[in-house]
Every structure is written in structure tokens, then in C-alpha cells.
Amino acid sequence: MARTQDEGAPNAVRLGRGRSKRRLGPARLRSYFEDTPLGATIFPTCHDGGMVEISNPDKVYFPDDGITKEQVVNYYQTVAPVMVDHLVGRPLTLQRFPDGIGKSGFMQKNASKHFPDSIERVEVPKEGGTTNFPLVDNPDDLVYLANQGTITFHIWTSRQPHLDCPDRIILDLDPTEDAEPPRDAALAARTVFDDIGLDSGLMTTGSKGYHVVAPIEVDHDYDIVGQMARILATVMAVRDPDTLTIEFRKKKREGRVFVDWLRNRTAQSAVCAWSIRPRKGATVAMPISWDELEGTDPDHWDIDTAPDRADDPVIWPDPNALDVEKVLALGEDHDVEPEESFDRFRS
DNA sequence: GTACCTG
DNA sequence: CAGGTACAACGCGGC
DNA sequence: GCCGCG
Ligand SMILES: [Mn+2]
Ligand SMILES: [Mn+2]
1 MARTQDEGAP NAVRLGRGRS KRRLGPARLR SYFEDTPLGA TIFPTCHDGG MVEISNPDKV
61 YFPDDGITKE QVVNYYQTVA PVMVDHLVGR PLTLQRFPDG IGKSGFMQKN ASKHFPDSIE
121 RVEVPKEGGT TNFPLVDNPD DLVYLANQGT ITFHIWTSRQ PHLDCPDRII LDLDPTEDAE
181 PPRDAALAAR TVFDDIGLDS GLMTTGSKGY HVVAPIEVDH DYDIVGQMAR ILATVMAVRD
241 PDTLTIEFRK KKREGRVFVD WLRNRTAQSA VCAWSIRPRK GATVAMPISW DELEGTDPDH
301 WDIDTAPDRA DDPVIWPDPN ALDVEKVLAL GEDHDVEPEE SFDRFRS
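Using this note's numbering, you'd call the opening residue of the first sequence number 1 and step up by one each time.
Simulated from the structure, these hints should not be mistaken for lab results. Among these hints, one or two may not hold up.
[Stated by the list, open to error] BS3-like cross-link-like pairs, simulated, lysine-lysine; straight-line CA separation at most 25 Å:
hint : residue 1 : residue 2
1    : Lys252    : Lys280
2    : Lys126    : Lys103
3    : Lys59     : Lys280
4    : Lys113    : Lys103
[Unchecked claim] Pair ranges (Cβ atoms, derived):
hint : residue 1 : residue 2 : range
5    : Ser289    : His334    : 45 to 53 Å
6    : Gln160    : Asp304    : 16 to 24 Å
7    : Asn132    : Asp333    : 25 to 33 Å
8    : Pro241    : Asp99     : 43 to 51 Å
9    : Lys252    : Glu332    : 47 to 55 Å
10   : Asn320    : Pro161    : 18 to 26 Å
11   : Gly255    : Asp335    : 21 to 29 Å
12   : Asn320    : Lys251    : 34 to 42 Å
13   : Asp291    : Asp318    : 15 to 23 Å
14   : Asn110    : Glu247    : 18 to 26 Å
15   : Glu123    : Asp99     : 41 to 49 Å
16   : Glu337    : Asn110    : 20 to 28 Å
Note that this is a predicted model, so its numbers are computed, not measured. Ideal Cβ positions, reconstructed from N, Cα and C, are used throughout, including at glycine.
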């Protein structure tokens, strides 16, 4: 059960004056392991003695803001208890900037060999081979990856043990450059979800748009769920063709909000809640309530303000069953057909 | 940030 | 031993 | 066949 730290080392951050590395106390677990007494110190995976070291803490990661690597790692340490719930079981794509966002970064799908064993890998087939995605299920591993220069975490819409079947539908509202926050688009997404009996939640992306997220019972594969998402997005665009589009080409969007349903296809990913974005201001993707939509711009929350909400986070609604027939009927009402290959009687 | 390869 | 490099990638429609 | 897109 709960263990205490070795040799009476203090739990508080030990500031190594004049040293190049700092140690954080062991990350705390709260909501994920619900039977853990608050404040107990446990080491579910116990690498590095439960301590996570910050290398190069003073390296500047956000040049415009003077935000250091230490601040980034400390941020993930602080929000880990709530963020881990969003990561558990989901293949991760890491967006890493080892020298800060002023230098070039890269996306990483395969877990590096030097990642600790406590970070599980899941092997996923791809066209010419396989990808070994990393999985995170505890705060220490999240903090480890932050120390590896990860600024943003991207996740699948499915999770173990059912990686073939999404547990949510995401409608990603992408405005064009210099457009107003797509609030009406978010409300329209909520409406189509309501129309088919799905409760939905709302998230700022930390950039220019919102994600509307509808948890679903794990029952349909990516083919089905992807098609349902396409129909829903198309219905939105049919209902409000002047402000919404599913047109992939930017030139053809003509100022309209792109309803991006492609997040729901296999092997695609979407930014994870509580992730920092590699943008000026170190903004954060943050779940918010529908009541907050009017007063919350997509880039409202940031690395400084987000931890304030970690104690009382907005969480996704409970999943509902995805009623495929209802989606097809809604589509037909708007002259939206499923793809030719779609067979409603497949298993 | 780190491993690995090349010179 | 220093320096350079890799570290994603899947469509799917339109040109 | 590439390009544009996340
Ligand atoms: Mn978006
Ligand atoms: Mn998008």
C-alpha cells in the first residue's frame, strides 16, 4: 500500500543551488487510485527511487515568456493527479521540444528504448511494420516524459483493452486565421450530439478552437465511429453552411469554421486535456463547463492559471450508448448518406 | 534529451 | 571523441 | 501521382 520515502528525504522540492539538476518529491496520486489516502506517498512503478530529476531546469522553453523547463516539469507534476486519468490506457504521441519552442521540435510515436520500463509500450500494426506507442498510467512517468522535453501530449480516442473501439467522439472546431472563437460552432456540435442522445463536454484547445467531446460506450470500431462522426459534422455544415464547413482545403473554407471530424479515425490523435501547447503564453488545453463557454476564449488557460483548477476539474460526462440507427436517421433528414461501403449489419 | 552512427 | 542525425505519417479528395 | 491538411 502506501510507502514513505526513503531515508527521510523531504517531500518538498529540494532546490539545488548552483547545481544543474533538481529533484522533485514523488508525484502524488489522488483520483486514479481512489483508495489511496490523500497525501500518501506511493511508488506504483518505483523507478529512480520514486524521485524524478529535472535536468537543465533553467533552460528557457518559452522564449517570449521566459518560462523555463523547470516550470514546465513542475506544472505537469502539479496537474498529474488529474491529467493521468485522461492518459490511462491511451497510445500517446509526444510533441517534444528539448531545446524549447524557439528551436525545432518533433512528434514521437515510438517509445524510446531508454524510457523506463514503467512506461508500458503497446505495439500497433501499421502499413510496413509496427509502432510501439508509450502508455502512461502514473504521475512519475508523466513527469519523466515532461523532463524529456515533451510539451504536448496527444492521445487516441480509444484505450486499452479495446484499442479498436473508441470511447468518445470528438468534434474539433477549427476557425480560420484571425477569426472569432467558434462559440456558435461549439453549441452546434452540442446540439447534434443532443440530437442522437449523447451528452458532450467542452474543452479549450489552448490555441484557436474548442473540442466538443462526447463519451460513448465502447461498442463500435473505428470504421463505424468515424463514419458517425463524419455524418454529424456534415449535418452541422448542412444546417449552417454559411459559417461551418467540412471542406478539407483551407482555400475553400472561406472564413468558415472547419468541423474536423478526422480526429475520430484510427491511429489519429487529439491533444490531451491539461497539455501545454507550444505557443506564446504556454497556453493549456482545458475542459470547461458549457456555462463557461461565453466567457472563456480558447487560449484562456495557461501554465500559471491552470493549476488553480486541478483541485476542482471539469470532467467529461458519463458515456452513453452510440445509437447508430439514430445517427443514420439524422443524416437522412439532412440528405447526408453514409459511405458506399457502410453496412449497418456488420458485427 | 538521448542514443546511435559516422568520420 | 566530436559532430550530425533521428525521433510521425495516413488517409482521402481534388488538382 | 502529388498536395494539402491535421
Ligand atoms: Mn483544432
Ligand atoms: Mn483539427
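Worksheet entry | Index of numbered hints that the structure contradicts, given in increasing order | 1, 2, 5, 6, 7, 9, 14, 15 and 16
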